[in-house]
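Peer 1: Listed below are the residues making up each chain.
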Amino acid sequence: MNTEQTVTVKKVSSKIRTGEPIIDIINLKKSFDQDVILKDVTLKLFEGENLVVLGKSGTGKSVLIKLIVRLLNADSGTIKVFDKNVAELNRKELGELRQKIGFLFQSGALYDSMTVRQNLEFPLRRMKNSLNEKEIKEKINEVLENVGLTDTLDKMPSELSGGMRKRISLARTIVVDPQIMLYDEPTTGLDPVTSSEISSLIMDVQKKYKTSSIIITHDIECARYTANRIVMLDDGNVYKEGKLEDFENSTDPLIKSFFTKI
Amino acid sequence: MKKYHPIIKVKDFASEQSIKLHDRTIAITHVAGNYMAEFADFILFTVSVIKETFTRKFEFKEFLHQSFQIGNKTLLLISLTGGIMGLVMTIQSRPVLVEFGALTMLPGMVAISLIREMGPVITALMCAGKIGSGMGAELGSMKVSEQIDAMEVSSTNPIRFLVAPRVLAATLMIPLLTLYADAMGLLGGWAGVNIKDDVPFILFFSQAFKAVGFIDLLPAVIKTFFFGAAIGLVGCYKGYNAGRGTESVGVAATSAVVLASLLVIIIDVIAAQITDMIS
Numbered sequence: 005m006n007t008e009q010t011v012t013v014k015k016v017s018s019k020i021r022t023g024e025p026i027i028d029i030i031n032l033k034k035s036f037d038q039d040v041i042l043k044d045v046t047l048k049l050f051e052g053e054n055l056v057v058l059g060k061s062g063t064g065k066s067v068l069i070k071l072i073v074r075l076l077n078a079d080s081g082t083i084k085v086f087d088k089n090v091a092e093l094n095r096k097e098l099g100e101l102r103q104k105i106g107f108l109f110q111s112g113a114l115y116d117s118m119t120v121r122q123n124l125e126f127p128l129r130r131m132k133n134s135l136n137e138k139e140i141k142e143k144i145n146e147v148l149e150n151v152g153l154t155d156t157l158d159k160m161p162s163e164l165s166g167g168m169r170k171r172i173s174l175a176r177t178i179v180v181d182p183q184i185m186l187y188d189e190p191t192t193g194l195d196p197v198t199s200s201e202i203s204s205l206i207m208d209v210q211k212k213y214k215t216s217s218i219i220i221t222h223d224i225e226c227a228r229y230t231a232n233r234i235v236m237l238d239d240g241n242v243y244k245e246g247k248l249e250d251f252e253n254s255t256d257p258l259i260k261s262f263f264t265k266i
Numbered sequence: 017m018k019k020y021h022p023i024i025k026v027k028d029f030a031s032e033q034s035i036k037l038h039d040r041t042i043a044i045t046h047v048a049g050n051y052m053a054e055f056a057d058f059i060l061f062t063v064s065v066i067k068e069t070f071t072r073k074f075e076f077k078e079f080l081h082q083s084f085q086i087g088n089k090t091l092l093l094i095s096l097t098g099g100i101m102g103l104v105m106t107i108q109s110r111p112v113l114v115e116f117g118a119l120t121m122l123p124g125m126v127a128i129s130l131i132r133e134m135g136p137v138i139t140a141l142m143c144a145g146k147i148g149s150g151m152g153a154e155l156g157s158m159k160v161s162e163q164i165d166a167m168e169v170s171s172t173n174p175i176r177f178l179v180a181p182r183v184l185a186a187t188l189m190i191p192l193l194t195l196y197a198d199a200m201g202l203l204g205g206w207a208g209v210n211i212k213d214d215v216p217f218i219l220f221f222s223q224a225f226k227a228v229g230f231i232d233l234l235p236a237v238i239k240t241f242f243f244g245a246a247i248g249l250v251g252c253y254k255g256y257n258a259g260r261g262t263e264s265v266g267v268a269a270t271s272a273v274v275l276a277s278l279l280v281i282i283i284d285v286i287a288a289q290i291t292d293m294i295s
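Chains A and B are the protein sequences, given in the same order. Going by the numbering used here, the first residue of the first sequence is number 5, and it counts up by one from there. Going by the numbering used here, the first residue of the second sequence is number 17, and it counts up by one from there.
Hints listed in this document are in silico derivations from the structure and should not be mistaken for laboratory results. Given the structure is predicted, the values throughout are model-derived calculations rather than measurements. Accuracy of the hints is not assured; some may be wrong.
Far from chain A, some chain B residues (derived; all Cβ distances over 12 Å) [stated by the list, open to error]:
hint, residue
1, ILE42
2, VAL104
3, LEU119
4, MET142
5, MET158
6, ALA166
7, SER171
8, ASN173
9, PHE177
10, LEU203
11, LYS212
12, GLN223
13, ILE294
Partner residues are not named here, just some residues of chain B that face chain A (Cβ under 7 Å, in silico) [as the list claims (entries may be wrong)]:
hint, residue
14, ASN50
15, GLU54
16, SER109
17, ASP165
18, VAL169
19, SER170
20, THR172
Every residue, glycine too, gets a C-beta built ideally from N, C-alpha and C.
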């Protein structure tokens, strides 16, 4: 990360939005059989901010964002997105809500039987069915340009590297202009250079598409680079919530060990 | 010296056995409950597939793609299986028919056996292995690599896009493949007859079709639609409900083959009973 970028990050980090939350999670509980993953989680995402959710593996970070798009159902508690209770939506309403939310999966989740072009066309043709062929082509070129991979259009996902797959996956997510982005460990399994490129892309997406994001990670560099606000989960609860500086200056042994490990 | 109390000993024994019986009952109930829950889940899955098949938003392009895949993947296998089936049946039946002086009945016998039973069942079992396992593995790996979740968050119903076209393709392609296997079987039968005799092609086929009636063909074709639906549904269900690890892809594929083959046999028994009642 160069000096100019560092300055930008600090500037962004200190800017925390307030007002009505666009995602409001209240007393969320989720368990799988006997394992209680989320005990009592309450958090909010405000418009335009990047909220980083930190925590050790198995603390329910990924479960949390899957509950937001109702890939999983909560045991109790409330999740409101754009003031709509996710649990009460019917299939059609849920589909409409999901059109406003982009989800970047940990594995990328590119459709491996389709080319990059078909992967990008897939959500576009289903969510934005008013677009004609020319507009679809333009949109695909635009997002590929944004992720810097214009020459991969006719490649299969198996021909791409891990970093490229993440970028294409990000392109597929932003191609439908979501208002909220949910990133599930966007830099996991990538080398430091590619990780910082992905972190930089997250910031670019926030600026260009005016998105609000929840970034699930245990990569402190990614958190430093992208966070406006940080929430740390531990043992199924919110352990601490605050700005990056609060975490970096904390004397709490758990937080300290997390931040000094890297 | 410790006193011997037989009544206490019997009480302890009874209590111990009662606890064991209780545990065993709970374990059996749990297993039975799981099977019942899975059965109910399969029924719900089937209902949602039927619902998504008869909708205006049905993925017709994907259906054509899957139909081509099923036909393309299995054509060579079905050709070989059908041909060999007819050939072997002819070679093995000939000596018996010669003994009874009924060699002229050979084409008709081969045709009836193939069209009524061998063709549909062998084709369905081959397809259960090839298509059922393929569907189980493909959907299972899509589940493991979160592709199905990605589809869902893209506001696309995975049942509509992935499952309904595959199930309909299997339902419609397996009858076609069966008819093709029957034809290949008759060709194999003609080749088998010609190993020892010299029977013209037209004579063999006219003898074969003379023996086959409408009542032989219709129930056989109807049951293949059910075979196809069972293979498609089981393959997709197992894949769609695969676990999260890579191991579960293998489990999904294997269990799809086993269950689909079993269902083919069960449907065949039911079809045989119904045909018998009608005829």
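Peer 1: Now tell me, hint by hint, if it's right for this structure.
Peer 2: Now the hints, each set against the structure:
A cut-off of 12 Å between C-beta atoms confirms that B:ILE42 is not in contact with chain A; the least separation is 16 Å. Look at B:VAL104: its CB is around 38 Å from the nearest CB on chain A, clear of 12 Å, so calling it non-interface holds up. The Cβ of B:LEU119 lies farther than 12 Å from every Cβ of chain A, with a closest approach of about 52 Å, so its non-interface assignment holds. Separation of B:MET142 from chain A is adequate, the least Cβ-Cβ distance of about 24 Å exceeding the 12 Å criterion.
At roughly 8 Å from the closest C-beta of chain A, the C-beta of B:MET158 falls inside 12 Å, breaking its exclusion from the interface. With 12 Å as the threshold on Cβ separation, the claim that B:ALA166 sits away from chain A is violated: the shortest Cβ distance comes to roughly 4 Å. At roughly 4 Å from the closest C-beta of chain A, the C-beta of B:SER171 falls inside 12 Å, breaking its exclusion from the interface. With 12 Å as the threshold on Cβ separation, the claim that B:ASN173 sits away from chain A is violated: the shortest Cβ distance comes to roughly 8 Å.
With a minimum CB-CB distance of about 9 Å to chain A, B:PHE177 fails to clear the 12 Å threshold, and the non-interface call is violated. Interface exclusion of B:LEU203 from chain A stands, the closest Cβ pair being 35 Å apart, more than 12 Å. The Cβ of B:LYS212 lies farther than 12 Å from every Cβ of chain A, with a closest approach of about 49 Å, so its non-interface assignment holds. No beta-carbon of chain A comes within 12 Å of the beta-carbon of B:GLN223; the shortest separation is about 47 Å.
For B:ILE294, the requirement that its beta carbon stay farther than 12 Å from each beta carbon of chain A is met, with the minimum near 42 Å. Annotation: B:ASN50 was flagged as interfacial toward chain A, and the flag is violated, the nearest CB pair being 13 Å apart, outside 7 Å. At a threshold of 7 Å, the smallest CB-CB gap from B:GLU54 to chain A is about 16 Å, leaving the interface hint violated. Taken as an interface hint, B:SER109 does not check out: its beta carbon lies about 45 Å from the nearest beta carbon of chain A, beyond 7 Å.
For B:ASP165, the shortest C-beta to C-beta distance to chain A is roughly 5 Å, which falls under 7 Å, so the interface hint holds. Evaluation of the B:VAL169 hint against chain A yields a held restraint, the C-beta minimum of about 4 Å falling below 7 Å. A distance limit of 7 Å between C-beta atoms decides the matter here; for B:SER170 the minimum to chain A is near 4 Å, and the interface restraint holds. The beta carbon of B:THR172 is positioned within 7 Å of a beta carbon in chain A (closest approach about 5 Å), and the interface hint is therefore held.
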